[in-house]
Amino acid sequence: MEHAHLLIQRIEDDKLWEKQLTISRNEYIKVSGSVNTNLYFVVSGSLRIFVFDENEEHTIRFGYKNNIITSLDSFISEKPSELYIQAIKKSEVKVISKKSVKKLMASSNELQQNWNEILEQLILQQMNREQDLLTSSPTERYKRVLQRSPQLFQEIPNKYIASYLRMTPETLSRMKKS
Amino acid sequence: MKIAAEKLITDLIESTRENINQVEKFKEYSDEALNYKEDASSWSVLECIEHLNLYGDYYLPEMEKNIVDSKHKANTIFKSGILGNYFANQMLPKEGMKKMQAPKDKNPMGSQLEKSVIDRFEKQQHKTLELLDKARHVSLTKTKTAISISKLIKLRLGDTFRFVIYHNQRHLAQAEKVTANL
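Residue numbers (our numbering), protein chains in the order written: chain A, 1 to 178; chain B, 179 to 360.
Hints were generated in silico from the structure; no laboratory data involved. In this text, a Cβ means the ideal position worked out from N, Cα and C, and glycines have one as well.
Listed next, the in silico DSS-like pairs over lysine-lysine satisfying Cα-Cα at most 30 Å (straight line): (1) B/Lys322 <-> A/Lys79; (2) A/Lys94 <-> B/Lys203; (3) B/Lys305 <-> B/Lys332; (4) B/Lys203 <-> A/Lys65.
Here are the simulated distance ranges between beta carbons: (5) A/Leu122 <-> B/Ile331: 49 to 55 Å; (6) B/Ala252 <-> A/Arg10: 40 to 46 Å; (7) B/Ala211 <-> A/Leu124: 47 to 53 Å; (8) A/Ile123 <-> B/Glu216: 55 to 61 Å; (9) A/Lys159 <-> B/Lys312: 28 to 34 Å; (10) B/Ala211 <-> A/Pro157: 23 to 29 Å; (11) A/Glu54 <-> B/Lys282: 32 to 38 Å; (12) A/Arg25 <-> B/Lys215: 23 to 29 Å; (13) A/Glu54 <-> B/Ser294: 18 to 24 Å; (14) B/Lys185 <-> A/Lys103: 21 to 27 Å; (15) B/Leu330 <-> A/Ile76: 43 to 49 Å; (16) B/Glu184 <-> A/Ile60: 24 to 30 Å; (17) B/Glu184 <-> A/Met105: 26 to 32 Å.
Produce the complete structure using the sequences and hints provided.
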């Protein structure tokens, strides 16, 4: 989320982070059914967002160093969300509430504009993701993600990337070798 | 007690999140540590968790059945029943909590226990979260569930959730104490 750096910088400068959390490996900062309107900025470590479907976990998004991670549905609607947010390894995150973000937006046209850019970028990412899921060839799905987020493969363990790509870890290993 | 239904559900979801995080920590311990018993009559970490699994085996399907079949629409307020409130409060971990005799069929001692006990517990928590969300659409007061020791005694759904989740907290606190002494 490249556009977010302006927002993050401003939050840093104005000291608006509400808290800093150390999250242990596999700890959940959000579970299904809860409302969570916080934005989490990843200082170190990595996290994932996933859902359960028929007893199977489906990882749908990742956050690593310098990313913002949030339960976007709940952030927008302020209603319960089925999403889980879990640390993949020990992580440090800074937290800001929606209320503070909105207040900050209201204080500056530049930031409001920046917020719009962030949202536009998120929409494009969602559309890309939709196309990922409609791509029937596993190799194609792998190539799409490799091309747009090569760093993912450095930061995140195979088994979670495999889930994100909707294939088994074994299939992903084979693909990486060839 | 009287509480906004949504507040109860939110609180119970949060308690469940804490319970899941607690057992994620236990997963990092060795099998040896998880099976450690302070003395013959004390429970190991895995025995504490298996005890909770045995309760979940009964209560989760019972709650699910009654939520799905409930003819009582959601109400914004939950009112505790006298018995349900008593059971729920009995379960809360407190300072100097006494040892309670577990019913024979819920006594985990003597069974072979492995780390998979923890995975089973986690699965039950995900199910619990699913049920808490479904319960937003029915009356927590008018929907009833039977207790495990008698089909004739029914508790209000809100109290059943409280009972089960506080019971989880109680034994996880017990398990935590065991790890503190390792």
